[in-house]
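Trainee: Residue-level listing of the chains:
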Amino acid sequence: MTDDMSPGTGPESEALDPWTAHVAGLLDNPALWAEPSPGVEDQVVAAILAGAAVRPAPPARPPVGPADPEPPPVPLSPDLTVVAPQPPRPGGSPPAQPSGGPPAAAPFDPAVTGVLPPEVTGSLGAAGSPAIGPAGTAATGSLRPATPGVTGAVVPGASAPVVSLDAARRRRRPGGWLLGGLATAAALAVIAIGALAVVNRDGSIAGTEVALAGSELVPEASAVAHVEPRNDGVRIVLEVTGLPPAPPGSFYAAWVVKEEPRTRVPIGSFHLRGGGADQIELWSGVSTDDYPVVSVTRQSEADPAGPGEPMLRGRLGG
Amino acid sequence: MEHLVAGFIAGDPDAVRAIYQRFARPVATVARSVVGNDQTLIDDVVQQTFTKAWQASHTIDPGRDLAPWLYAIARRTAIDAVRYERRPTRGDHAPEADAPVGAPTMEQTWEAFQVRQALDALPEDERTVLLLNHVGGLSHSEIADRLGVPMGTVKSRSHRALRRLGASLQHLQNPAANRPDPADVSFSREVP
Numbered sequence: 001m002t003d004d005m006s007p008g009t010g011p012e013s014e015a016l017d018p019w020t021a022h023v024a025g026l027l028d029n030p031a032l033w034a035e036p037s038p039g040v041e042d043q044v045v046a047a048i049l050a051g052a053a054v055r056p057a058p059p060a061r062p063p064v065g066p067a068d069p070e071p072p073p074v075p076l077s078p079d080l081t082v083v084a085p086q087p088p089r090p091g092g093s094p095p096a097q098p099s100g101g102p103p104a105a106a107p108f109d110p111a112v113t114g115v116l117p118p119e120v121t122g123s124l125g126a127a128g129s130p131a132i133g134p135a136g137t138a139a140t141g142s143l144r145p146a147t148p149g150v151t152g153a154v155v156p157g158a159s160a161p162v163v164s165l166d167a168a169r170r171r172r173r174p175g176g177w178l179l180g181g182l183a184t185a186a187a188l189a190v191i192a193i194g195a196l197a198v199v200n201r202d203g204s205i206a207g208t209e210v211a212l213a214g215s216e217l218v219p220e221a222s223a224v225a226h227v228e229p230r231n232d233g234v235r236i237v238l239e240v241t242g243l244p245p246a247p248p249g250s251f252y253a254a255w256v257v258k259e260e261p262r263t264r265v266p267i268g269s270f271h272l273r274g275g276g277a278d279q280i281e282l283w284s285g286v287s288t289d290d291y292p293v294v295s296v297t298r299q300s301e302a303d304p305a306g307p308g309e310p311m312l313r314g315r316l317g318g
Numbered sequence: 001m002e003h004l005v006a007g008f009i010a011g012d013p014d015a016v017r018a019i020y021q022r023f024a025r026p027v028a029t030v031a032r033s034v035v036g037n038d039q040t041l042i043d044d045v046v047q048q049t050f051t052k053a054w055q056a057s058h059t060i061d062p063g064r065d066l067a068p069w070l071y072a073i074a075r076r077t078a079i080d081a082v083r084y085e086r087r088p089t090r091g092d093h094a095p096e097a098d099a100p101v102g103a104p105t106m107e108q109t110w111e112a113f114q115v116r117q118a119l120d121a122l123p124e125d126e127r128t129v130l131l132l133n134h135v136g137g138l139s140h141s142e143i144a145d146r147l148g149v150p151m152g153t154v155k156s157r158s159h160r161a162l163r164r165l166g167a168s169l170q171h172l173q174n175p176a177a178n179r180p181d182p183a184d185v186s187f188s189r190e191v192p
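Taken in sequence, the protein lines are chains C and V. First residue of the first sequence? That's 1 in the working numbering, and the numbers climb one at a time after it. First residue of the second sequence? That's 1 in the working numbering, and the numbers climb one at a time after it.
Just chain V, with the same shape it has in the complex (with noise of 0.2 Å):
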């Protein structure tokens, strides 16, 4: 990782991909919680955070875990996102207050980009069983109908994709150690 992240500071493309290839979902997640079902702006928000991230990077330790780092630059910019389309133009010239945004907390917000990691941590077919229920609603009979596999395929890897992401979850049942380290990253300008 150390490797990746000298990487990524140097503008390497290959270190960039892997960077991105790693954490883009994730930082989608905390995009799509905070700014809503906007694909687009998803997107910008996924954008922004890299090459915020990038312009930064001279401040990353290479021996630190970028994902606290990264998942504040997320929450930052989806914020601030949202502002700017929330807000108000009027033709009289007046400079325009930034408009409230009622993000979800840090917690959720950080609790959501970590399962989010350890879902695509996941085996794929695992994960694919996980999507089909939870975002296609579709039953197990019809999971296994369109994967081709038997019921108790399917039964047998979404119950194993649960248990390993229980396991692997299990820091967020103590909800103050789920916060990013502060020194990872500076959270003062946090909005409430």
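Chain C with its partners taken away, still in its complex shape (with noise of 0.2 Å):
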């Protein structure tokens, strides 16, 4: 034996009994070595924290220790608040938000979700962002009633599944792959509001704005969707911050999609290279309620048709 072991299973390992210098050449597996982001366990207690305080009582079982059924909500961290469970809004679900949702009690991780705190469920100011917290604000950058007219008021319970805001966190598909799981969190009552339904004064339904966040190609990219269904069709108006113009020879679609079977409909193109306001005015010619994901992909003029390259993403509630 050297008295210097080379990097792995190394000399040291003949020592061993034939077993334990297998075990030891395992370990040059780099999968054993794999650790989870530090944020993930408060985003897993935050969304199953969230989850319990709405979930029905699971069917009776023997009691094992001192287990309490009802636990009370409890801050997980300086960043992590859990916000109260909201009241129906008067009149009804809105139309938004068909499935209603579960009750909302949204957890606050701010740096993973972007939420509102509590206090923003009254209703945004004239330009709603300096209503909406740091981290609301960061997340989605402002947001802003979806037409003129409209109060503003964020509808109590009209809870949205989670979307990832956090563009710098999240990678070349920002809820890509995890806005389909998060699409079972959904049904675990992990709330977030990343969609949040706009109403007029006489308490209609003037349209839902939708934060998307931008994929790793774009991490400084964001944008907000104001979505209005018209008569003849639904009427999505994208801003977009931070988006580069689009390439010669490229431009960014927009899509709406739908998860089972996925299936994506084109709301329209642009490419951003004229330096106007970056506000886009697409049509959908079908519901967003069955295609709740609104993206945006750069595609090539060569082949147009093609997966493209997602540039940004955002759900409404569905």
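Hints in this document: simulated from the structure, not taken from any laboratory. Ideal Cβ placement from N, Cα and C applies to all residues, glycine included.
Facing chain V, from chain C, some residues (calculated, C-beta under 8 Å):
# : residue
1 : Asp-28
2 : Trp-33
3 : Pro-36
4 : Gln-43
5 : Val-45
6 : Gly-51
Cβ pair distances, simulated, as ranges:
#  : chain 1 : residue 1 : chain 2 : residue 2 : range
7  : V       : Ala-56    : C       : Gly-285   : 33 to 41 Å
8  : C       : Asp-28    : V       : Gly-148   : 22 to 30 Å
9  : V       : Arg-160   : C       : Pro-30    : 20 to 28 Å
10 : V       : Asn-174   : C       : Asp-28    : 17 to 25 Å
11 : V       : Leu-147   : C       : Pro-245   : 48 to 56 Å
12 : V       : Val-135   : C       : Thr-241   : 37 to 45 Å
13 : V       : Gly-137   : C       : Pro-247   : 37 to 45 Å
14 : C       : Pro-30    : V       : His-171   : 22 to 30 Å
Join the two chains into one complex using the hints; note that each chain is given alone, in its own frame.
Mentor: Structure below.
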């Protein structure tokens, strides 16, 4: 045996019995040293805690230990709080949230979901953003009433599945697979506000605003989609921030997407090469109730129907 | 452990954290084995695994070992994640087919899960030596320099760690025994 062991399975393993030497060889598998990122634990706890607040009591089982079937919500960390359940909005469920969703017990995880703190469930101001907490502002940009003349009140209980709004944390497909998974988490009542129902003064729904996060390709990009059902289709106005002009020979395509079966429908294309206001009007001929994800890809003109590169993505409640 | 599982089912934050801290790294190992070196996807799989586990937790018998059950959820979740990532997305509105996923076998990932559990059970100083050697690629003398301890200490820690691992993983020598108990979880939906 040498004094200096080479990396991996080294000379020292020769002194071990064959089985232990074999085990030593296994340790070169990098998967054995994989670690979840530090924030994942808080996400898991917040999700489960939120779900536990609204989950029906499980089937009776013999008591094991001093388990408390209704643990009080406990602040997880200085950055995590649980929003108290909101009563249903008088007048019934908003049509933008057809499923109604479970009671809005929203985990407040600004590092991940960019949800609104409880005080924001009152109303947004004219510009919206001042009333939004720092996390919401940072993650979503400003949230404005979808149409002039609306009060911009956030509907209590108008919850939506978790949308990751932290573009810096998310990868090439922010909310890509995660969104699919989070559709399941929605059943858990893992609720954050990724979409806000905007109501008129008379209480009718004027539209919904959806935050889109940038992919790994453009982590600094974000957008807010103002979604407004009209008689002739669904009008979607996209306000993008930080998305560079599409290079010549390429363009941006916007889609609404449903996940089962996975299908996407084009709602328009744009390029941003004119230095305009970065506000794009799009129209969908399919209901966003059925196609709840709004995404933007970069397409090559040589393969306009190809899969493209994911740029922005966000999800309506559904 | 039964108390923790009961707390997990009830959504008790302390119990959830305890279960997470106990199993998150083995779950990450399964995720890494299936999805590859994509940290964000690994994180997604870990998060999904625990939330799915909690969703289904009413089916848990608190007296049973959670490991095979969580393992199965992790593997399934990881495979689904890879399939989702590989789905072709076309503009013709045609439903997409699941992409084939050449995941490691169930035996391989279950073995990795258990090895990772054994690694996590090592004393921190011993695990650190193995980490620096097998992942960091450092020699014993380099590890000694890094940790500021004599090289003999590094060697003895490494040797002890490997012997502990070998002993705690003896059951893996019998492949037939190295399968999760079907009573713990159904593998009927496993990908070949």
